[in-house]
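Throw the hints in and build the complete structure from the sequences for me.
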Amino acid sequence: MTLSSALLRLLVFPGLVYAVPAAWFFLWVERKAVARMQQRIGPPLLQPFYDFMKLLGKRAPPRPGLEGALTRAWPVLAAASAAGAVGLLPVLPGAGGFAGDLVLLLALLELPAIFLIAAGFSSRSLYGQIGSAREAVMGISYNLVFLSAVLAIALAQHTFRLDGLAQPSASPLRWLGVAAILLCLPAKLHVTPFSLPNAEQEIYAGALTEYAGPELALWELAHGLEWVAMTGLVAALVVPPLGPGPVQGLIFVAVSALVVLGLSALAAATARVTIERATRFYWRAALVVVVVGAGASLLMGFAR
Amino acid sequence: MNPWKRLVAGCRKKSPWLFHMNAGSCNGCDIELVACLTPRYDVEQLGIRLEGSPRHADILCVSGPVTRNTAQAIRTVYGQVCSPKAVVAIGSCPASTNAFVGSPTVDGPLSKHLPVDVFVPGCPPRPDAIVEGVARAVQILAEREAATTPPARGDPAAADPAPVPSEQPR
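Chains as they are written, first to last, in our numbering: chain A, 1 to 304; chain B, 305 to 474.
Because the hints were derived from the structure by calculation, they are not lab data. Any given hint could be a false lead.
Claimed, not checked - Computed from the model, here is a short list of chain B residues facing chain A with C-beta under 7 Å: (1) 343; (2) 359; (3) 387.
Stated by the list, open to error - Here are some chain B residues the structure puts well away from chain A; computed CB gaps all over 12 Å: (4) 312; (5) 331; (6) 332; (7) 353; (8) 360; (9) 376; (10) 404; (11) 407; (12) 419; (13) 430; (14) 432.
Since the structure is predicted, the reported quantities are computational estimates derived from the model, not experimental observations. Here a beta-carbon is modelled for each residue, glycine too, at the ideal position from N, C-alpha and C.
Below, the structure written as structure tokens:
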């Protein structure tokens, strides 16, 4: 991967030029799909853009000193790491990569959640702290499933490179891995049965209770970028990068949007569970995925 | 107005976020406000969202006659809503304290504590009346922002949380 191709990926496709409109589009798809499933009309197409611009125009309360600096820094860091994760996704064939970029992708996908936890605690709001504590507990639970699913796929493919990971494989383990990643998406993206960290009305707005104006706008953007990154990861694993570039890009966007639709259906059909049930669910799922997935891929590795 | 401000003002009209505060309401108006979110009225198509935190809101919706318990809380919450902001009084109670007039536990009406922009009378008002009131508040919000320059930092209108209601240019 040369510097120019890396910049092209980070800034154009699948990076910022694609990711920011896609983030707004996916946020809209989620809201619109839930509205249609509840027989409502739902927001207009540009609604997330309107929200973003309006929040930029609001005046956030002044916070002096370190607290203010942190308040401004967390959403920027979260948006940047989510955008970086989108830029790393192996969408186009022959776009290049580097050894171990899977590890970097996993780190960048996890960072927004960590920044959210830090943001909740540094906002000094009681509700922010509850939201952050919930996010942390959820993170410990679903990340075991998520990481072992990604590890199972990586072991089955014998590579930690993303472009190698995206290659088609005959191994059924890949589909187990994709299913396990899909299982983690609602918790990672705060979709309804597991929308515990930002449980609206219940704990005000969770970690973001104290955030306002431009900072909140950036949090919304970071959340949208997380949607693009996570659905994009599923799309990149499901669709092997074999076709010509533009077709590949279109299929990537279509599969991502399909995943968003599926998650919206889940959000419309379910109610929020309690934190105990959510963690129990993920720890049980983790048991299955770790034993079946990682065990089988290790055995396959020895048999080879 | 420069193009950036015009764009933000246009977007502001299309994305009013509400924070609902119950100031001793009997729950009648609260139910009518929530009814606005249901498929029949569906205010999300206007970009209206009921927010969990006053920090996220543009429009503060208050129901109830303002009991003595809630009077201080309502001023704090008003200070927590970031400028530019508007206040909508939902129901007859915040307008006139309604059936609770003269009660020793009521410290109303709402206009004693906050600069109210729109009154939506009714006991309770119909959801379409509430939607209309919010739409009018959006209009007032846009006009007010166009008419005034933003307050400087340290101005009471931008301070948080305001111990007393800050004076808004009306």
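Each hint, compared with the structure:
1. 343: Constraint on residue 343 of chain B satisfied, holds at 5 Å.
2. 359: holds, 4 Å
3. 387: holds, 5 Å
4. 312: For residue 312 of chain B, whose nearest Cβ neighbour in chain A is about 3 Å away, the distance does not exceed 12 Å, so it is violated.
5. 331: With a cut-off of 12 Å, residue 331 of chain B remains clear of chain A, as the shortest Cβ separation is near 15 Å.
6. 332: It holds; residue 332 of chain B is separated from chain A by about 19 Å at its closest Cβ, greater than 12 Å.
7. 353: violated, 8 Å
8. 360: violated, 6 Å
9. 376: Per Cβ check, residue 376 of chain B is outside 12 Å of chain A; nearest 18 Å; holds.
10. 404: holds, 26 Å
11. 407: Holds: least Cβ distance 29 Å, greater than 12 Å.
12. 419: At roughly 17 Å from the nearest Cβ of chain A, residue 419 of chain B sits farther out than 12 Å, so the non-interface label holds.
13. 430: holds, 19 Å
14. 432: holds, 15 Å
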